[in-house]
Amino acid sequence: MHKWFSTEARTRRARSAAMAGLRLALGAFLLAGVCAPMSAHAAPAGCQALQAKYPAWKGKTLVNAINPHTPGYEAIDPKDPDKYVGFDIDLGEQIGDCLGFKLTYKAVTFAALLTTLSSGQADIVISDIYATEERAKAADFITYSKVFDGVLVAKGNPKKLTGINTSMCGAAAAENTGFVEVPLVQALVPQCKAEGKPEPTLQLYDNNANCIQAILAGRADTYVNDVNTVDQAVKANPDKLEKAIAVTIPYSVGIGVPKNKPEFRDAVLAALIEIQKAGIHKDLLKKWDLDPNNFKEPDILSVN
Amino acid sequence: MSLFVHYFSLPYLLEGIWFTVAVTALGLAGGLILGLVLAAMQLGRFWMLAAFARGYTVIFRGTPLILQMVFAYDALPQIGLKLSAIGAAGLALAANEAPFIAEMLRAGVLGVDRGQVLAGQALGMTPALLMRRIIAPQAFRTMIPALGNETVSALKNSSLASVISVQELTLRSTQLASSTFDFFSIFFASGLIYLALTSAVSVIQLLVERALDLDRTTRQGRLAVFLPWRRVDLSTKLNLAEPASAAADLAHSPPLDVPARLPRAASRSDRAAHPAMVRRNNVAVEVTDLRKNYGAQTVLDGLNLSVRVGEVVALLGPSGSGKSTLLRCINQLENWDSGMVRVGGRRLGHCDDGKPLSPRAIANERASVGVGMVFQQFNLFGHLTARENVAGPLRWVHGMTRIDADRRARELLERVGLSRRADALPRHLSGGQQQRVAVARALAPNPSVLLLDEPTSALDPELVNEVLEVIRRLAIDDGLTMIISTHQIRFADEVADRVAFLSGGSILEQGPAHEILTNPRNPVTARFLSVMEADKAPENKA
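Residue numbers (our numbering), protein chains in the order written: chain X, 6 to 309; chain P, 404 to 945.
Accuracy of the hints is not assured; some may be wrong.
[What the hints assert, rightly or not] Have a look at the derived ranges for each label pair, beta carbon to beta carbon: (1) T804/P to T109/X: 57 to 65 angstroms; (2) W421/P to K142/X: 33 to 41 angstroms; (3) I436/P to P255/X: 23 to 31 angstroms; (4) I607/P to V194/X: 52 to 60 angstroms; (5) A510/P to P203/X: 35 to 43 angstroms.
No lab work stands behind these hints: they were computed from the structure.
Ideal Cβ placement from N, Cα and C applies to all residues, glycine included.
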């Protein structure tokens, strides 16, 4: 759930759809596909070969640990709360289709995503989690998305925040436990001191809803998180909230897999490459109104 | 408001109730089992187990439940124990509830009157039987409010299972709030659902309290029928079973004291002849060189006493002279430091090789040797009717059928003049009536010896006579072997064959009752007797 934001304005959905269509040879065909349910995507042709190469997961049901508090990426479907929906959910299903496994979901707090994985209570984590070196000590990551963050503030931006910078001195920032934004805000403390300004304070919560509620209740001045999440919050409370700015954060979003299963990691990477080759990744971004600039060719982040 | 109604009736949230209830039920059931084990370890005789249980309590009561949940969910898989989310939450909640429940159980057990436990022991009840029949039923009643509390608390604590992905109410509410942004409507709805659940617990608690209220349900509470210790009363079917029980009565008549059960004449001259008669009888109780100290204080100092079958011995002496301790030693209710007690020729409390017996073995021995005991404070079982106080031990200890036991209870209650109060609870009886029930209870198994420990000392003066009259009849009409500690000089004179005067833990003087009481040789005895004579209300002395 950490996405970040470039300081440029985010492109709007109509434009991104058009761009994707133009960029792809099969643009017209895929535009039709966007309107159809995702299951309309057949697994890419290369997936057969992958299932032959990585047969261990074929026919299995794996557990995907998610923190389902990020509409657009992973949240329950308001119309059918028994289902999880979002970009990450669809991407996971696509990977599963490609490698021949099904997914069930385990909802945990953000901070518990990786512990759930490493304790064996889950097989994979596809939950908008930023792949940092620190986290890569607990899990291997297959990165798949760039990160853009939005700075959510109360309507009118009373504290005049301009990003994760000294404009936050003296402000109260709401964040979820374990978010990468937490150390970024903490890093402002010495800077604020140097400028003789009061320190920023952090309030740690468990999920987006609580962070957003902290701003609505006047307890916190800002909540810095994935720009899409911020946009959704503004859309839900247009009279009370606004996005001060979007910022880039130097991370990628990654799929977490256990460190002791390199073969699984390689299989997921190979599947993701196939999915991207078939244009499905970009279709999904479009389907969920996400910025096509998020698109990133996959890498592996693994530290010992 | 419409949103609130929408969420309140949303199947997604309502299904969350199932998970909440499942985790709560696992936590409570597991906590109860584990709590029972912990409480038993702490109440037991083995200090190692008690120390272990203490340590467990310190750790699991002293750390947050949320950590225990995460531990059960994420750490246990490292040692190969991978529970489902509900399983891990249930385990953590059970481990956390156990020490609290154990303390409740302990408080309940310790809250049961010690005297009732002594009385149960004296009737030959094993520790397990005592727990099941006497302690648990009474402890359970006092624990219901606390159990209700604990249930509500566990229900609310189950919300912490949301951190380990259990799809219970709280987790579902936060997920829904994240996806719809209808924060307050959702949490009001889930708050109300919790309130409905906890209210249901309160209602159940009140119903259980009502059903087990002894004052409302003197015979059979509707719910009490389901409790193992209160089965359906068969007395309504008594007529059907009448013919079958006659033989059983015969089987229970005592072999030991048949020759001694000669009716005793009430007149003074006949009374004088009685000691000479019993002198030829076998020895019923023999106490040899009995010594006992409480710390530095010597309670019994090489005491010797021999009582023959059919003999009535009154123990006199100032408070603290060792009368009660002696009686309790005869019945193995207390240990002693050295010396020997034999009842009916059997050395009690020890194996043939001299090793001490287990509490269970002692209980069985008491039941088979047959030493009845009547206590100063009556010590009736508070949750049982007068009839059940008499009949219960007959069934549990002596294996009588309910019909036989009820018949015997009715006979005995009639003998002590209480047949009309058979269904009354002890707390609804006067002190004198309670003591008469206690006498009936002690007589029920046909004891070879009856020990009476200041049977009238706790009674109001106007109630003393009804009890003395019952005891007098036992001595004179039934020829029962009895050892009575008492301050009632005149009563001792009337009833006892022999009087033993105790002081400082040994017998200072003993001999034929009338002779000692009218013409004591020892100056200490003489002084005591003159003080007692001067006291106009000696029966009030404890």
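Status of the hints after comparison with the structure:
1. T804/P to T109/X: 57 to 65 angstroms: About 59 angstroms separates the Cβ atoms of T804/P and T109/X, which means 57 to 65 angstroms holds.
2. W421/P to K142/X: 33 to 41 angstroms: 38 angstroms, holds
3. I436/P to P255/X: 23 to 31 angstroms: Given a distance of about 54 angstroms, which is not inside 23 to 31 angstroms, the answer is violated.
4. I607/P to V194/X: 52 to 60 angstroms: About 53 angstroms separates the Cβ atoms of I607/P and V194/X, which means 52 to 60 angstroms holds.
5. A510/P to P203/X: 35 to 43 angstroms: Given about 52 angstroms between the Cβ atoms, the range is violated.
Of the numbered hints stated above, those contradicted by the structure are hints 3, 5, listed in ascending order.
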